[in-house]
Amino acid sequence: MTTTPHEEEAPVRGMWRQGLEVFVENRLALVGVAIFVLLAGFSFLGPLLYHTDQVHTDLTKVYLTPGADGHPLGTDGVGYDQLGRLMLGGQTSIVVGLAAGLLATVVGTVWGAIAGFAGSWVDAVMMRVVDAMMSIPALFLFMLMASIVTPTVPMLIVIIGAFAWLGPARLVRGEALTLRTREYVMAMRGMGGAGGRAVRRHIIPNAIGTVIVNATFQVADAILYVAYLSFLGLGVPPPAANWGGMLSDGLSDTFSGHWWLLYPPGIAIILIVLAFNFIGDGLRDVFEVRLRRR
Amino acid sequence: MEAPTQPLLRLRDLSTDIALRRGTVHALDKVNLEVRQGETLGVVGESGSGKTMTVLSVMGLLPSGGQVVGGEILFDGRDLRRLEAKELRRVRGVEMGMVFQDPLTSLNPTMRIGAQVAEPLRVHQGVSKAEARDRAIEILRRVGMPRPDKIVDDYPHQLSGGMRQRVVIAMALIRSPRLLIADEPTTALDVTTQRQILELIDDLREEFKMAVILVTHDLGVIAGRADRVAVMYAGRVVETGTTADLFRAPRHRYTEALMRALPESAAEGRLYSIPGLPPDLSRPLTGCRFAPRCQFATDECRTGDVLLTLDAAGNGHEFACLHPVAEPVAITASAPVAETAAKASEPLLTVRDLVKEYDAGGSGMRKTAGRVSAVAGVSFEVKAGETLGIVGESGCGKSTVGRVVAGLEPATAGQIIVDGQDIATLDRRARHHMHRQVQLMFQDSYAAMNPRMRIDSILTEPLEIQQVGDAAARRARVSELLDQVGLPRRALERYPHEFSGGQLQRIGLARSLALNPRLIVADEPVSALDVSVQAQVLNLMRDLQHELGLSYVFISHDLSVVDYMADRIGVMYLGKLVEVGPASQVVRAARHPYTQALLDAVPSPDPDRAPAPDTTIRGELPSALNPPTGCRFRTRCPLAQDICATEPPLQGGTHQVACHFPLRQEPAQETSAA
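The listed protein sequences correspond, in order, to chains A and B. For the first sequence, full-length UniProt numbering begins at 1 and goes up steadily by one. For the second sequence, full-length UniProt numbering begins at 1 and goes up steadily by one.
No lab work stands behind these hints: they were computed from the structure. Since we're looking at a predicted model, the values are computed, not measured. Quick reminder that beta carbons are idealized off the backbone N, C-alpha and C, glycines included. Treat the hints with caution; some may be incorrect.
What the hints assert, rightly or not - Label-pair distances were calculated between CB atoms; the ranges are:
1. B/R475 <-> A/L30: 35 to 43 angstroms
2. A/D131 <-> B/T412: 31 to 39 angstroms
3. A/L45 <-> B/R22: 32 to 40 angstroms
4. A/L30 <-> B/T105: 30 to 38 angstroms
5. B/T187 <-> A/D131: 41 to 49 angstroms
6. A/L30 <-> B/A471: 39 to 47 angstroms
7. A/L30 <-> B/G486: 42 to 50 angstroms
8. B/T412 <-> A/L30: 52 to 60 angstroms
9. B/P410 <-> A/G196: 14 to 22 angstroms
10. B/E480 <-> A/V129: 47 to 55 angstroms
Stated by the list, open to error - Calculated from the model, a selection of chain B residues having no Cβ within reach of chain A, i.e. all distances over 10 angstroms:
11. D203
12. H433
13. E461
Chain B with its partners taken away, still in its complex shape (with noise of 0.2 angstroms):
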């Protein structure tokens, strides 16, 4: 693309500072940055690395505190920073839209949608309500709303989050604006949504002949939709340059290293990951700040400033870096992880026909009819020493079916088999003992553990409630978890709160480990962590599992993740399981359209791949309290037919599909070989 010499945005040495109670974060050292009309910027980096506060400063939306201490914001060639009051208001309000990234609380639950999206229209150019409605309809029907002149009058708790987040974009648009900041606009969102979102950004970016900032954490996003990238890291821009260039062959050490934590470029079964954590900004830094977490660091990065340079090629690839990687990086997509577990032939876990409904609505006396159905049928087996990764789409069921088995909440109907005995058939003392076996691991440990607790106590208090050893026995159990996942001795004496996310999954491990169980049931144990820690994680995860011989039922809305941890993989929709099968063949031969349009969704950290054919699926998860008879993605499918609407079964050898019209025959030689 031929873009314009003029940049339309172009931050120099921007630097930002937050005061906070003790003493002030340098949030942003120096920054350099442009975008031209018509292009999209990417701005990866993972939490605390700058990126948020870059685009909060240009908005001027930084936090209390917060506050622009250096540099020159240049919007169309003028300063932002000398603008008086009155114009700046008028520029930033006009002239750039935002998209924050959780549509659920960037709309006021009180306003109608049409009175929201028009507000912006309201203050600056002081629109009649009746023309403000219009606009508020044409604006939304270019966003892909459908049936707009409805949706105006409707409230935001009305919508999904993807149509949501549609609303924030016309929002955005409305005003026309020369400069779209997307700031993670998608992490909210499930992946066929994302992926409907990102295209709507791509096609507004080219009928509006708009400039498009897009901030994200993963990788994936920025590879199929930025023209040029930046990467951030503590602060400073490390690396910049065409999105092409950028995948291709990256520079900078801490580009690299983030390029090999993806679970993608997982070789060999084992995840690179980066040693450490990102350095405290409130502390005077010098030298690279990945020195310390880098492993071709030498002295001189430790000593001296190292400044943004342009690569010596002349395509404007521009890298902070002494040591700058030479030979090209390949992001392929993962070889299939050698078969390792499943050794044993007994299933450890053997789930029947398991059905969970809740009542929906209504309490008391005021009891309106309907179920929802959150899990309908689902059977699977896990043997002892193997990985199920089981996906799917929030609100499909895979968290209850987790909750279920780890015996948090009763089925509806169903059998759960663990080590050969029906949990419902328990008596309350051994159902008590069955929780040694089955544990569970959460997403978010830091709301998983009490804040009022010590490290020492939270450790202890499964083996209190089992009643497992005297307290010496369990200190020493507790010193030998900690150790076990990494973690020091010190970290006994702390509060939850005093520990970073990536720490406290490996707590929360710990905990899962406490009681020696079999089976560990991990709900998104990685969701909230950055690729770098994310690694650190799951290859902690496969250590213990090798030395354990665990089990691990892996629940995950990530393909990549659940494809790098699992041994096999359920797909589930809407409350069924409509595929099971060996990762490597779930993942590279998918068997249901639900799978493969999943599949084609995820967005790719390799900048080559094609986008995939028009697979996606539109429209809305139908709700779980009257769901679509017989297969229940069928008012969805591209191949749906009338014979759709009776139940498929989930039939086939090792990979097992509930479709009428799978994509793919099973191979063969595997049945054969199972």
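Just chain A, same shape as in the assembly (with noise of 0.2 angstroms):
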């Protein structure tokens, strides 16, 4: 065999060397890492530059205009210095978000990938479940539980995560059962490999592309799904905060004229579900081979 000159000259490039080179050719999606980057630090390294107090309330300073005694971003209805406070609800909303997207994601990549395998009356069974509670409204079961039980950040990330599964649920089972026939997995039955091996070596790794996509979708959906629960007044409780509950705060306040109160947290939540989007868009560039240009 004979080697040709393009075969020698091509460094070997791994996988993820090229998917990088994939992603940092969709621009939107470097601009979303940024976004992203940016507003973690400035919700997490924040606080350690710019020292408020968010615990007390001072109502000698409520309602303050932006730039006013020292308040770059005023303060609200209870004198919470406002910068300080989105950074406050900047950490909650990221927190949930992430936590509630990768609860979502594995309980429904494991939930759909033994759907899509055992296949049969198993595949039916847990199928008629995810359907079933797709039927029900989400929002009116938060609003069920999250009147139930006392929301905490770990509570809404359960609750969060309950019921954003299904969507990847049905993603990987569809995965799943594609998969199975790929004739790699028939090679490797040839040799005489049973399913667990299927599944972990060959089904997983060509599947974790698609879930790894919808992961990031999932966690702009629970940042969503935080901020609708706070606006509806079922978020955590002061003096916790998140941007969902301060734009709802905000929206109260409209009439008065304290726009300050309500853009920040509006435009920090667009930004913030807007990077994920960025970002899942770059990676499913990544993995699916299929768009790829060559």
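Starting from two chains that each stand alone, build the complex the way the hints lay out.
Pasting the structure below:
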């Protein structure tokens, strides 16, 4: 076998390296990463540089306009510094979003993979459970659950995660159904390999792309769910804060002209959801080999 | 044939680029071609030679990023590149017709046949719906569709592959184009259907006085049908001439090598294979593009540009080669290969009355009755060191036999005995072990390899599953395997998508060999490969067979490949083995009418070979859901009589046939010799 010049010169590039190249080519995905890094830095590192009291209310300093008395973004109706509160709210939103998204993805993936693999009646039963839960409006269930239990951060994660896994479950089940008929799975069976190996070495690694892409969208969704719940007054109780709750508070002050209470949390929610969607698109380019340009 | 002087289509220095994510591929480099009215021009070349890009450039259907960057496309004396958009659309839409390779994807599954066939009329001529329908029926009748008035209201999925290709041809013809471009029109079809379609194109060309460009990778298809041939290599035309001249006396070294790589021209049991791979067209190339793979190349070939020059004989034969072939190349039907193997008398694999049926349609609660009879009572033996070829058209059950033998699917009934053990009686452990003896090699090795695994993990996987050796021993075994199939060690760190088809097939073979099996079931192992690469893989498989004493069950639709590889051949039709015998006898003295029809349908790369008498089988393969009783071939057999409704047993000595009216008696001396 003679080697061609092409073969000699092409460097051995790993799957990850190539993937990174494709990801970097998607400008919007990079913008998404940048926005996420900025917002996360703002929320988690910000309080280290910019100290505010977010525990005690100060009724002498309510509704200060931005810039007044050392408050760059003003204060809210109970005297909390708005900029500091945005940082605190961001922490809750990002933590709950990431954790709930992850929980939903893991549960959904396992559920879907088992259903898709086992097939027959196991598949039928498992997927009917998913269908049944999907037929109930999620928001209604959130409200019900949130009114029964006191919302704390871990509780929010569980509540959101418990309903957001339905999407990934369906997705992964479909993926598993097609993957198990692939020729490389057949080749493996021809070597005497069993089902467990097929799942570990062939199905999961090949489904992981879809799962990761979906996970980013799940995170974006979870952040929105936190916002919905808090907007409806079912979020974490004060003095804890999150962007959705802040938006809800700000909305009631719209007509008083307190714009600084409305726009910053609103824009922050839009930005972070957008950022995760961009990242998801970029990852899809990486994993969807069919869409990838040569 | 007296050709008119003015060519209908003439390409002058046509260059096409395709912009990719990294760099630009110069797909065509100064291509010159011409086609006259009423003539068939064959364009041959391997994948990546630019043959399809040439016709796509003419039709303006280049893929995204593709652009004609230089030269002229003269159609009837006018340069298409200078026409304005509206006129260009009319010329391409009305005066040219195109037939694509895959008739399934070139038809819209949601449109009725009639509407689809008549669509060009409605678009370009504004014909009314009723008239369009009449014209569609008319043209469908012309392309030999049975019951065209019924078929106009059918959907594509209701038709077979051959019928769909007729519809596509009808679609191209309904505007009465002056030029018909057929891009691999029969590659997706079986040989018997291929023959019908090629004959149809031939007849229509005469009837409509069209010019035809027939693009194909198959030299056999060209030899029988084209008036003139253009051979392409790496984006250039390297040789053109009349079919007779070019096949009898090819001048370019590439053309010669291509012909010698055909399994038909195998001499002394070994195929000539062209070393290396075609060049990467995204890099600047100097000199003759074939030079790196050519054994006659000199420095002159590598430095200077080699242009098409006219043969001194003055017969219009042009070639771009500095060291042209002087002696004629003879392509003869291959000499019977000396029977080398089949030493051991003990069969390694015995298959007895194998039956495989699948439930048809319906699942879960709505179970519709009906079983697809994929394999119906097949028996054969494979001895150690022997190759059994199984041939048949798609749907005949040959792949199912392979999968069942390899232990991928359980048999519905019958026995499979490997090395004296019936695999149905084995317990789990023993069956797990049995996989070491029998391994499978796939048609599309890319699909059969996990795209997320590196070659080293792919090759160690069988060893891990069977728990052979420790990590170090496995690594050593993998290196040894790579050496055996002739790939560099660097291949280990790469992923499947970084390899070419031929290399992947080598890796696939290496993986099948990993467990030191005694039998390899190879399912169409070379049908996705180009001729020159196919020769490399076939040679490798034979070399390894000699070295390791392997047995092969070699499944293929291609008789010439099977003839080259196999010691014995079994011919399958609709789930039954209709003929088994020594390869040379089955191919040269077939006893079953189906085998004969199959042989006659194979296009021969020898233009002198007269087209076989009309033994073509007509009609369509019956459904395996409800197969004919008795001899399953009787519905299409020219010799069928009443007795054929009873099942003929497979009988004879070494050359068995299942037919009440075999074409020949078994040669007497062969039976006694066996």
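Any Cβ of chain A at or closer than 10 angstroms to B/E461, or is the non-interface label fine? violated (7 angstroms)
In this structure, is the beta-carbon distance linking B/R475 and A/L30 contained in 35 to 43 angstroms? Holds - the Cβ-Cβ distance for B/R475 and A/L30, about 40 angstroms, lies within 35 to 43 angstroms.
Using the C-beta atoms of B/E480 and A/V129, is the stated range 47 to 55 angstroms upheld? Holds - the Cβ-Cβ distance for B/E480 and A/V129, about 51 angstroms, lies within 47 to 55 angstroms.
B/D203 clear of chain A by more than 10 angstroms, beta carbon to beta carbon? Holds: least Cβ distance 40 angstroms, greater than 10 angstroms.
Do A/L30 and B/A471 keep their Cβ atoms within the hinted range of 39 to 47 angstroms? Since A/L30 and B/A471 have Cβ atoms about 40 angstroms apart, the given range 39 to 47 angstroms holds.
Cβ-Cβ distance between A/L30 and B/T105: within 30 to 38 angstroms? Holds, since A/L30 and B/T105 (Cβ atoms, about 36 angstroms apart) stay within the stated range.
Cβ-Cβ distance between A/D131 and B/T412: within 31 to 39 angstroms? Since A/D131 and B/T412 have Cβ atoms about 35 angstroms apart, the given range 31 to 39 angstroms holds.
Could one say that the CB atoms of B/T187 and A/D131 fall in the range 41 to 49 angstroms? Distance hint for B/T187, A/D131 holds at roughly 44 angstroms.
Assessment of proposed distance window 42 to 50 angstroms (beta carbons of A/L30, B/G486): holds (43 angstroms)
B/P410 and A/G196, beta-carbon distance inside 14 to 22 angstroms? holds (20 angstroms)
Cβ-Cβ distance between B/T412 and A/L30: within 52 to 60 angstroms? With Cβ atoms ~57 angstroms apart, the hint holds.
Do the beta carbons of A/L45 and B/R22 sit within 32 to 40 angstroms of each other? Given a distance of about 38 angstroms, which is inside 32 to 40 angstroms, the answer is holds.
Violated hints, in rising order: 12 and 13; the structure is consistent with all others.
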